[in-house]
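Assemble the whole structure, with the sequences as input and the hints as a guide.
Each chain, letter by letter, is given below.
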Amino acid sequence: MELIVAAGIGLLTACGLYLVLRAETFSVVLGLTLLSYAVNLVLFASGRLVANAPPLLVEGVPRHTDPLPQALVLTAIVISFGMTAYLVALALRAKGESGRDGFDGGDPT
Amino acid sequence: MSVLIVLALMALLAGAALAPVAARFGRVRASQTAAAALIGALALLAPLAPGVLSGQVVVASWSWLPEWGLDLAFRFDGLSLLFALLILGIGLLIVLYASYYLPVADRMGRFLGLLLVFAAGMLGIVLSENILLLLVFWEITSVTSFLLIAYKYEAHDGRIAARMALAVTGGGGLAMLAGFLLLGHIAGSFELSDILARGAQIRAHPLYAPTLVLILLGAFTKSAQFPLHFWLPNAMAAPTPVSAYLHSATMVKAGVFLLARLHPALAGTELWFGLVSSVGAATFVYGAYVALLKHDFKGLLAYSTVSHLGLITLLFGLDTPLSVVAGVFHIINHAVFKASLFMAAGIIDHECGTRDMRRINGLFKYMPYTATLGIVAAGAMAGVPLLNGFLSKEMFFAEAIEHPHFGAHTWVLPVFATIAGTLSVAYSTRFIHDVFFNGEPINLPRSPHEPPRWMRFPVEILVLLCIAVGVAPQLSVGPLLDAAAGAALLGNLPAFKLSVWHGFNLPLVMSFVALAAGIVYYLNRRFLFELHERYLPDLQSPVAFERVYQAMTAAAARVMALVDSGAPRRYLAPLLVFAIALGLWAYWSAHPDGLALAGGAAGAPAGPLVQALALAGLAALAAGCLGVVACHRQRLLAIIFMSVVGLVVSMTFVLLSAPDLALTQISVEVVTIVVMLLALRFLPARAETAEPRGRRLRDMAIAGLAGGGVAALSYAMLTRPFETISNFYLANAVPGGGGANAVNVILVDFRGFDTLGEITVLAMAALGAHALVSGLRLAPYAGSAEREADRHPIMLAMLVRPLLPLALAVSLYILLRGHNLPGGGFIAGLVTSVALILQYIACGIDFGRARLPLDQPRLIAAGLAIAGATGLASWLFGAPFLTSAHGHVHLPLIGDVELASAMLFDLGVYLVVVGGTLLVLTELGALSRRELAAEGATREAATREPATQEPAPWN
Amino acid sequence: MLAVVVPVAVGLVVAAIALTLWRLLRGPGVMDRVLALDTLAINAIALVILFDILFGNAISFEAALLIAMMGFVGTAALCKFRLSGDVIE
Amino acid sequence: MLTEVLTSALVLIGAAFVLLGAVGLARLPDLFTRLHGPTKATTLGVGAMVVGSMIHFNAQGDGVSLRDLTIVLFLFITAPVSAHMIAKAALKERERAPQAEPPAQQDPSET
Amino acid sequence: MSHLAIIPILLPLAAGIACLALERAGLVAQRAVSLAAALMMMAVAALLLRHAGTGAIDVYALGNWPAPFGIVLVLDRLSALMVAVCAALALPALIYASGGTDALGRHFHALFQFQIAGLNGAFLTGDLFNLFVFFEVLLLASYGLLVHGNGRARANAGLAYVVLNLTGSALFLIALGLLYGTLGTLNMADMAHALARVPAADQALVRTAASLLVVVFALKAALFPLSFWLPSVYGAAVAPAAALFAIMTKVGVYALLRVSSASFAGAPVTADLLQPWLMPLAIATIVAGTLGALAARRLAVVVASLVVVSTGTLLAAIAASGIEAIAAALFYLVHSTLVAGGFFLLAGRIASARGEAGDGFRTGQTATRAVTLGAAYLVFALAISGVPPLSGFLAKLMILRSIQEAPFGPLAWTALLSSSLLPALVLARAASVFFWEAKPAPAATAEARLGLPALAMLTMLAASPLLVAFAAPVADYARATAMQLRSPAASEAVLGADPATARERRP
Amino acid sequence: MSVLHALVPAPVLSLMILGLWLALAPQITPGQFVLGAVVALAIPRLTAAFWPDRPRLARPLAALRLAGTVLADIVVANFAVARRVVGPLHRLHPAFVEVPLDLRDGFVATILGSIVSLTPGTVSIEIDRERWILFVHALDDTDPQQLVDTIKRRYEAPLREAFAC
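Protein chains in written order, with my numbering: chain V, 1 to 109; chain X, 1 to 955; chain W, 1 to 89; chain C, 1 to 111; chain F, 1 to 507; chain P, 1 to 165.
In short, the hints are calculated from the structure, not lab data. For clarity, every value in this text was computed on a predicted model and none was experimentally measured. We put the beta carbon where it would ideally sit given N, CA and C, even for glycine. Some hints here could point you the wrong way.
Said to hold, decoys possible - Taking lysine to aspartate or glutamate pairs in the EDC-like style, the calculated list, with each CA pair at most 20 Å apart, reads:
{"id": "1", "chain 1": "P", "residue 1": "LYS152", "chain 2": "P", "residue 2": "GLU98"}
{"id": "2", "chain 1": "X", "residue 1": "LYS152", "chain 2": "X", "residue 2": "ASP349"}
{"id": "3", "chain 1": "C", "residue 1": "LYS92", "chain 2": "P", "residue 2": "GLU130"}
{"id": "4", "chain 1": "C", "residue 1": "LYS92", "chain 2": "P", "residue 2": "GLU98"}
Said to hold, decoys possible - FRET-style restraints, in silico, Cβ to Cβ:
{"id": "5", "chain 1": "X", "residue 1": "ARG453", "chain 2": "F", "residue 2": "MET42", "range": "55 to 61 Å"}
{"id": "6", "chain 1": "X", "residue 1": "ARG698", "chain 2": "V", "residue 2": "ARG63", "range": "52 to 58 Å"}
{"id": "7", "chain 1": "F", "residue 1": "ARG362", "chain 2": "X", "residue 2": "LEU528", "range": "52 to 58 Å"}
{"id": "8", "chain 1": "C", "residue 1": "GLN60", "chain 2": "W", "residue 2": "LEU25", "range": "36 to 42 Å"}
What the hints assert, rightly or not - Pulled a few chain V residues facing chain X out of the computed Cβ check, cut under 7 Å:
{"id": "9", "residue": "GLY60"}
{"id": "10", "residue": "VAL61"}
{"id": "11", "residue": "VAL88"}
{"id": "12", "residue": "SER98"}
Structural data, given as structure tokens:
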């Protein structure tokens with residue numbers, strides 16, 4: 001189980017980073033989304049992997065997993081969601097300003 | 001008493017501040033103010049003079065940054081007195097001179113202000129007891145000299161010359177800073193008294209050599225020593241009063257002052273002798289040689305200044321007590337005759353409108369009085385007897401003969417001295433002969449005549465001084481020289497006698513040989529001129545400096561272009577490589593003997609079924625990930641694959657006991673897809689740019705390495721047991737937080753502050769996106785040509801209508817139950833948003849906006865305010881921010897109702913999420929509406945939904 | 001009995017997911033993939049329900065509910081995009 | 001015991017239908033025929049499983065809960081819409097690429 | 001119950017919310033709220049300094065939950081200092097913006113206030129994940145401020161900046177996950193205790209995680225290989241935003257300093273995490289910044305490059321890691337932040353006074369009010385390139401003295417001194433272009449009024465001289481801060497004298 | 001009636017929401033009931049604007065009957081489809097069928113379309129609201145007219161009855 005999750009995290013990270021290194025904005029957005037999945041899983045995994053032990057203190061749930069990483073991941077999801085939305089808007093703006101979708105050839109100064 | 005030192009400085013600064021003000025009332029007032037400041041400074045120092053002349057050292061000290069060695073400590077001794085007199089006295093003359101020299105249109109406020117600040121800087125240098133303080137003043141002179149040299153800033157060369165001076169002297173100053181820090185470190189103090197007393201200790205220290213070199217670098221640049229001299233001749237672009245002041249009495253003398261000042265601490269070693277005397281000698285000869293070749297008489301004077309500074313440096317380098325005396329003496333003499341020469345030159349320049357000695361000839365006829373003054377001063381420069389220059393040169397010759405360092409080759413130094421003297425005579429002769437005699441002037445812009453009375457006055461004073469010292473040295477400068485040289489030698493003054501006639505001796509012979517040879521040399525100059533002009537291109541001009549500067553910036557620009565092209569991946573690749581490298585280093589530096597990735601923990605007790613499911617999940621994940629990567633150019637497909645990845649991640653959360661995360665992920669996923677699709681509208685369906693294979697491979701390598709690293713680290717972490725604080729949360733969620741969903745209790749209570757930050761982020765993301773999109777016009781790509789007549793498919797439009805109320809009910813349920821069961825404000829907010837967005841998707845933005853006229857920014861503000869106010873409410877109970885309260889309320893008929901303040905907080909979260917999501921999505925959606933509006937309203941009207949006039953209920 | 005049935009059912013659903021994934025990768029059209037994605041979401045609901053039965057508590061119910069409620073929004077948006085390019089306009 | 005049998009049966013049938021839908025999706029020749037599998041078989045399969053799960057949990061607990069039915073409710077509302085939209089979009093695509101005619105025999109060469 | 005520690009976060013947050021709510025009410029209302037909040041921040045900062053100046057360490061337990069479990073804010077000398085610097089920077093920037101810059105786009109004031117809230121939060125928090133959250137707050141606000149006013153250069157710079165920082169945030173979270181997964185806590189002080197107990201087998205993992213965290217901070221601080229983005233990004237922002245950004249790199253430096261002293265320094269696993277490489281990279285940063293300044297074609301880009309230099313300088317001192325060095329670094333931090341901020345404002349003024357030529361290094365029309373601008377330019381240029389008698393010299397002096405004995409000391413000295421000289425030449429050249437080569441303006445359009453922006457810029461002008469005048473108290477404070485960072489007092493204040501926390505062992 | 005109507009403008013919807021609420025609630029307590037009722041009354045009101053021309057369910061019983069029919073059809077006919085899906089593909093004869101509609105309400109037509117989609121063998125592709133035609137895709141259609149008749153008889157007629165249109 002641990003190996004599988006770790007492999008998945010690695011896969012997500014690698015694919016995400018590869019896309020982030022592309023030239024087109026849209027690929028970068030995709031890459032960052034993949035990366036954020038990877039990150040969320042790492043953060044989540046820091047509480048270890050347990051099936052059938054939700055952190056709900058209700059009847060019928062005998063074991064509880066670590067709730068803290070889950071709370072952290074939630075925060076991280078929200079933040080990365082906001083970021084994605086912002087990035088998309090920014091990419092559109094940049095496109096509107098420069099008339100193309102890509103970072104290359106920009107005149108930064 | 002000692003406070004007078006500071007007051008003198010203050011007087012100058014006050015004058016600097018007042019002069020520009022006074023200039024408003026006319027330049028005479030300004031000059032008077034400046035003169036008053038200088039006189040005031042002199043007067044303030046005067047009471048201290050008698051004591052100092054008798055060998056006393058006055059020290060005044062105030063604490064500033066004692067721990068860092070920087071104190072406001074001042075020192076007034078013989079050397080300071082000498083220089084203070086030069087600075088203030090010549091300064092006074094310069095002020096008078098300048099008021100005639102500068103054009104009447106110049107109100108002189110700026111000039112005098114700068115000049116006085118400069119004078120204050122100079123005075124500070126010579127009055128500093130703390131060497132760091134000395135450095136402060138030192139750099140003030142660099143900066144003000146920059147501004148003074150560029151005073152006539154309309155002139156291109158002047159601007160560059162000023163920067164050149166700044167570059168050289170500023171750079172030297174920094175070297176000196178390093179040297180001073182080392183010196184202070186070695187001596188254990190930054191006070192001159194201590195440093196001068198610890199000379200032996202300093203010279204024995206291993207850091208002595210670098211210290212000396214750095215300090216000398218500072219001194220040499222300031223004093224224009226070869227090969228760092230080139231700034232000085234170029235600085236002649238400055239108005240003549242500036243040249244006269246900076247390059248005779250003050251700035252260039254700062255370097256040699258420093259040699260004199262630190263002589264007791266640093267001199268007395270082979271290194272000192274070798275460095276200082278060789279640089280001085282080289283400068284002496286080089287300056288003299290070049291001076292002769294200059295056609296511009298100011299240039300001639302400038303190089304002669306270089307030469308004389310070389311002489312002074314050489315004298316300090318020879319490092320015998322008598323040579324030091326001679327050096328100090330020559331400082332005085334040079335200041336006096338050079339200042340007068342510059343001023344005379346200024347008059348000539350002023351009267352003739354040119355400085356080219358090939359055109360200015362025979363001026364004696366037109367301005368005999370001025371010419372006489374100039375001839376006398378030049379004579380002093382040449383070392384003609386009965387003038388002051390003769391005396392110090394005589395002392396130099398004497399030292400050259402008696403110097404012990406050359407052992408058997410005793411002839412070396414005298415011969416060198418004679419040659420150098422010959423050269424000085426030659427250029428002095430040229431100045432006198434070319435300017436004042438040598439036929440008639442050629443084609444001058446103006447016809448020269450004598451200057452106004454008071455413009456000559458400063459020159460007269462100085463020339464008188466030249467003669468006075470030359471005729472009666474002991475009477476005129478004896479005590480001052482004793483005091484100054486005594487300070488430079490720390491009181492160990494050798495026996496010497498100042499007199500015009502020392503008898504007929506070898507130095508005198510050398511003087512006459514030099515005089516005669518110099519004149520001969522001058523007469524045969526033509527040949528030299530040709531040689532010089534043919535073979536020695538001017539490497540030291542402003543043009544050259546500017547070219548070097550431009551080359552430097554261009555090179556920097558090329559380097560920066562390599563690393564900073566504005567493309568994110570150019571920044572990202574270093575980040576990733578750096579992270580990988582540092583991570584690997586950190587890993588291996590703890591584990592030098594090899595990898596131990598897997599820990600000993602048993603892992604999750606998962607059944608084979610769960611394992612199999614996980615494996616299936618991994619397969620799906622791989623399909624999704626690779627699909628995204630493979631299809632990232634076909635963007636719609638990439639989005640579809642991305643959704644698969646999101647789904648797998650959600651399922652992972654479901655399987656691994658994280659229902660809240662699963663809910664969040666599922667809902668975020670939907671909104672993310674919609675956002676991406678909205679953006680896709682404005683992008684071509686496929687990316688056109690093809691990337692080179694090499695880059696792709698490189699990126700794959702980086703990404704693969706990073707991915708492998710993260711996987712390895714995650715695996716290492718997952719297989720290790722650890723101790724955590726999280727038991728606390730499980731134990732306290734119900735009793736302390738009033739909720740059974742530990743994750744939600746953490747979010748809204750234990751770590752509610754995080755959540756407050758998080759919704760702030762979300763709010764800002766939405767606002768930022770709003771700001772970005774507003775006013776943006778974009779041309780859509782796909783489908784814009786063939787807009788569907790049926791833009792709002794009926795089945796979708798109709799079926800989402802009952803869905804909205806149902807979905808709202810569900811979201812409300814999720815909001816309320818969140819504290820105890822999976823859910824909460826964020827998920828509920830997303831569900832609400834999605835339900836509303838669905839309306840927009842199905843029926844269009846007009847439909848939605850007409851029915852829900854929400855001011856989303858305000859909704860966001862309200863959400864944030866509610867969340868914040870919930871936190872603040874705890875202040876009323878004397879508890880820290882965000883302290884929660886919860887309890888049961890028993891209502892009739894309904895029964896126990898559990899209430900927690902955290903629920904109110906969650907409501908804030910909910911509102912922010914709804915407001916933010918809607919804001920982003922509607923703004924992005926409205927982008928294509930703008931295009932629609934541009935396309936034409938008629939078609940729009942034809943395809944619109946049957947209009948409904950119901951009033952909007954959510955006002 | 002359930003101890004046998006549920007794993008079998010899980011196996012069936014996993015097989016279904018595999019087939020769906022195959023369609024997703026194979027395509028050939030965009031809409032085929034959208035359809036596969038939609039199906040995948042519904043399969044996921046099935047899986048969630050099976051988890052609940054497997055683990056003996058209905059904790060993941062909300063997840064299934066949300067997929068049922070919101071899964072189709074993505075599909076609708078994708079189709080809308082294919083239809084006219086505008087998702088929201 | 002009865003509930004367990006019932007649950008098992010429903011779960012099995014449900015899973016079978018889910019699989020069936022997927023088989024249809026994978027196997028049928030063109031988009032419009034493929035559409036049939038997921039919209040109906042899968043929906044029904046999930047419905048059966050939901051009912052099974054409901055019976056299972058109601059048998060365990062003491063109260064009666066119908067909440068699983070909400071899943072079915074939403075599924076039944078949304079599944080036809082999905083199918084409708086997909087079909088509409090596919091139709092539109094066929095209009096755009098008229099040469100890719102008979103949908104039955106060959107795959108529309110669209111990506 | 002003293003709520004002093006949280007006010008620097010809540011006050012701008014409330015102001016930001018109010019600005020949002022007042023969006024419809026117009027800019028004037030927003031300006032009033034925003035300026036009032038900034039003024040109040042100054043007062044609060046003074047209170048904080050006074051309070052922290054006594055040596056007291058306030059621990060504010062949010063939600064009343066004890067330290068390792070809940071989030072705590074730690075108000076000590078360092079955080080008070082940072083908050084004060086931030087406030088001192090924010091007020092003039094805001095005044096400047098109120099002169100019309102804020103009207104160039106939407107939500108300026110809200111974003112600005114949120115940015116301050118984020119900065120203050122980052123300075124005050126004692127919790128690592130909370131630090132992440134506040135990093136995001138300040139980053140997002142900075143994204144918004146960066147592209148405020150729009151335009152192609154800003155949008156492109158914004159994209160690069162956002163993408164880079166998003167990747168950085170991802171790295172931050174990975175590091176946090178790994179750290180929590182091995183240490184089981186997020187509180188910085190508690191982490192120090194957990195680090196001390198890390199079993200030998202886990203040390204490599206923990207070190208690696210910690211090093212990733214360091215990378216993130218290095219990115220925010222713009223340390224050498226991660227510094228290239230800064231000049232073009234900061235150079236693209238409108239003046240008041242750029243001015244506020246002057247403190248953003250300092251957040252990275254602050255975080256590095258804080259985490260390394262609060263968490264890493266105490267435990268052998270992580271104690272030597274920075275030493276071996278920080279100094280060479282800091283030197284490289286100085287070189288890179290200097291090169292950037294040489295390469296720049298606009299004043300704002302030069303100033304931004306000098307911000308990189310200041311990072312290098314600061315980190316060189318931190319790498320040297322003595323009390324003296326840290327004290328010097330803090331003094332330098334105050335100086336460089338305020339001066340760079342002021343210089344950005346000046347660049348903005350010059351750009352608007354020169355019409356079309358902007359702040360580019362090409363001959364343009366004579367700037368309106370050239371004398372005032374020129375004088376201000378002189379002061380800023382002297383201060384930023386470390387020329388006496390302004391604060392830059394004092395700061396550089398301290399840094400030079402404190403890193404003398406450190407490894408690579410001579411190299412660092414060389415870099416530091418060159419980084420004084422070369423930028424000074426660039427600035428001199430720029431001055432020459434701006435003030436000496438100008439052509440007269442086509443029409444006499446001289447504004448007689450100074451206006452708010454100029455007023456703000458002139459306010460910032462006072463910073464450096466004031467820092468010289470009050471060098472002794474500031475230096476004393478910095479030294480006391482450095483000593484406080486070294487002492488266990490902060491940890492004790494957060495966790496109590498006995499740090500044994502009830503922990504649970506998880507597989 | 002009018003008072004009731006003003007209080008509960010959409011009784012069916014409100015009932016559905018109340019049902020949903022109570023179904024979701026972990027236990028049905030009086031508190032939950034009151035809360036659910038409040039929600040069920042409030043939400044239709046708040047969202048009324050989003051549902052212009054909300055059709056009235058005239059005969060709820062007819063609707064229930066129809067629901068029963070549909071459910072039964074779904075279950076029974078699914079097996080038939082199953083056979084075809086698994087069976088040999090060459091015997092499949094997919095076809096597009098146009099079903100002319102008698103009803104004249106978009107919403108009701110949509111319900112009909114949904115029912116058609118849910119019941120095996122047919123998927124509704126499009127509703128033409130100008131000519132009031134439902135386009136249906138049939139998986140294996142041997143007799144189009146029979147299909148049209150079945151749809152009209154089994155589903156459209158009861159729908160028209162229930163919604164009185």
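Quick rundown of the hints versus the structure:
1. LYS152/P / GLU98/P: 12 Å, holds
2. LYS152/X / ASP349/X: 15 Å, holds
3. LYS92/C / GLU130/P: 19 Å, holds
4. LYS92/C / GLU98/P: The hint holds at about 17 Å.
5. ARG453/X / MET42/F: 55 to 61 Å: Holds, at about 60 Å.
6. ARG698/X / ARG63/V: 52 to 58 Å: Check failed, 46 Å falls outside 52 to 58 Å.
7. ARG362/F / LEU528/X: 52 to 58 Å: Given range 52 to 58 Å: violated, Cβ gap about 43 Å.
8. GLN60/C / LEU25/W: 36 to 42 Å: 40 Å, holds
9. GLY60: Hint on GLY60/V: violated, closest Cβ of chain X at ~12 Å, above 7 Å.
10. VAL61: 9 Å, violated
11. VAL88: Since chain X brings a Cβ to about 5 Å from VAL88/V, closer than 7 Å, the hint holds.
12. SER98: Hint violated; SER98/V Cβ to chain X Cβ min 11 Å, cut 7 Å.
Violated hints, in rising order: 6, 7, 9, 10, 12; the structure is consistent with all others.
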